[in-house]
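Novice: Now for the letters of each chain:
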Amino acid sequence: MAARLNTLAAHAILIGLAIHTVLLPILFYSLLYIVKQSHEELFVNDVRKYSRFIADVFEMDGAVSNEMQSVRLLDSAVLGSDGVYAELIEGDRWLRSGLLADYPADHYKEDFAFGQHGDRIYFLSIPLDIPGRQLLLRMGFDEQVTIEQVKTARQRLTVVLFLYLLISIIALVLMSTRMTRPLRALQHASRNIAMGQHHDHLQVDSQITEIRELATDLESMRAELVGVNASLLEEIAEREMMDNRRKVLEGKLRQVQKLETVGVLAGGIAHEFNNILVPIFLYTEQAMHDLPAESPVHAQLERVLKSSNRAKSLVQQILTFSHQSGNPEHEPVDVKPIVEEALELLRALIPSTVELHQELAADDCMVLADRNQIHQLVMNLCGNAYQALDETGGSITVVLNRCAVDEQFCGEHPQLRVGGYLRLSIHDTGHGIDRSSLHRIFEPFYTTRAVGKGTGLGLSVVHGIAVSHSGDITVESEPGQGTTFHVYLPEIQPHRQAVPGHDQEPLDTP
Amino acid sequence: MSTARALLICCLGCILCAQAAVAKRQVVLVASATSPLHDLDSLELRKIYLGFTVKRDGKTVKGLRNTGDKDLNRIFLQAVVAMSEKSYSRRLLSLTLRQGIPRPSEYNNAGQLLEALSSDPYSVTYMWKDAADRSADVKALRVLWQQD
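Chains as they are written, first to last, in my numbering: chain A, 1 to 510; chain B, 1 to 148.
Since the hints were made in silico from the structure, they are not lab data. Accuracy of the hints is not assured; some may be wrong.
Here chain B is said to cover these stretches of chain A; the calculated rule only asks that three of the stretch's residues, wherever they fall, bring their Cβ under 8 Å from a Cβ of chain B [what the hints assert, rightly or not]:
id, region
1, 39-46
2, 108-114
3, 121-133
Where a beta carbon is used, it is the ideal one built from N, C-alpha and C, also for glycine.
If we strip away everything but chain A, and leave its shape as in the complex, we get:
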């Protein structure tokens, strides 16, 4: 209830009522006073004029000389107005109109104003100007008629003012409601904006200038707010994207640093191990040379030499991963024939349940590389793919194409530089790699296979080869969907610029 009374409409109505409460009684009594004065003044004027007229008749017609005529004239005076008394006096003698039984002559008190003496009769006397006689005309007129007229006027005035009050209240309610309607619309729209519905336009249909201007100002503020809000949302989204990208980069950087650390450690161990292997090879071969071939010790030494070779191979792989595998001969090579050669070898190894597809780009896919290491890279990746399909079967797809590396991609792969690259993609439809393993697959000796079924160095070696060729390797895998490795190698084509869109594919940022 209190809330309703505190509304603008209620205040307007209450103010209107208060004003009417004060002004209406003043108006009522003022109008009543004017009406009363007017009626009374009219009455007094009429009776004075009428009496004077009767006196003139007496003075001019000589009616006073005849009693019968005088009485008739007095009767006529009473009948011609609201007269209640008419009398002609000369000394102790008098003549009266006999029309009114209740004659008020005994209460005669001359009046000079309406309502004087409170007898409700207006008495007045006029000396008649008749030579030789001292005649006095007395007349009385009923004031009650005028009093009733004033009462009627008062009642009508009351009704009119009551109707006026009623119409005023209705008008006040309607006007205050109409005036506050646009304000309520503004309030509704403002609340919507406060609740986040910024796109509701503040449209107010009002003739009131202040309300129209307020709506215009609020609409401007809303539009500005929407703009600011949109730019803030955009900024937040951009920051979130940057934050995510930063996290990804940090993860990758940590991975690269970890691999480098592991590489340095493993390289150091491999070097020392290689130094140990050198006398083993020398003395084993010397001992074998000194012993006859049929000696049982010779056969044992052969086994030692065989194991030493395996150890040498292992050391070589570790050195390759740690980029310390001697001095690889980097020369301009066409990658396509190397890939084709490796795939030819692979076809002989894989069972018929595994299909091998190849989509190799045009010739002249030149990179500055060690031919043997590229061959090893292809064989390792395809070997991994084949092993993923060993039990279930499926397909391996090898794709070689050109691509353009942009700044964004470089940001995510710090080893790469903006320019043209060859991308070698090996996709298998195998069981895929789970997310936790995906981050560790390039670590040396990390394997998901059973013990004895792999050294865990294959992908580490591939990573080492890619990085040592100023390239990089990425992996995409979904468990049950298969795995795709992308190897990026910088293309060398002095006569061609690495411009995206030539026959290069743009990169999809993972």
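With chain A fixed as given, assemble chain B onto it according to the hints.
Specialist: Below, chain B alone, put in the same frame as chain A:
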């Protein structure tokens, strides 16, 4: 003897005073004591006070209003012009505006009224009879109103 005479004189004085006290008040039409005017009838009087021309001996008779006494004014309105005050004012205004008839001069000071009356022998005014009787400069022409 002298005491008896004094008592007699006192008694006569008291009787005269009592007679004067119970005497009915009258309003009379007066003019200057030297005025040649003798009488004006009620119609002429109304004409004069409404601004119409009434002539005596070729001279226009002027009506002067005595507004110094409220009761006297009310009696004048009722017994002489036979109108209410507002109606009389409206009538004068109407005549002034329509026909250029001048309004009667008004005096609320008895001295000024008598002076104006003396200065023009063809002017008349009204006053209480006892006041007229006290002044040697005026003469009563007729009774306009008499208290019952």
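Novice: Are the hints correct? Go through all of them and say.
Specialist: Verification of the supplied hints:
1. Note: the region 39-46 of chain A has 4 residues with beta-carbon separation from chain B under 8 Å; the three-residue rule is met and the coverage holds.
2. A stretch counts as covered by a chain when three or more of its residues have a beta carbon under 8 Å from one of that chain; for the region 108-114 of chain A and chain B the count is 4, and the coverage holds.
3. Beta-carbon proximity to chain B at under 8 Å applies to 5 residues in the region 121-133 of chain A; the threshold of 3 is reached and the given coverage holds.
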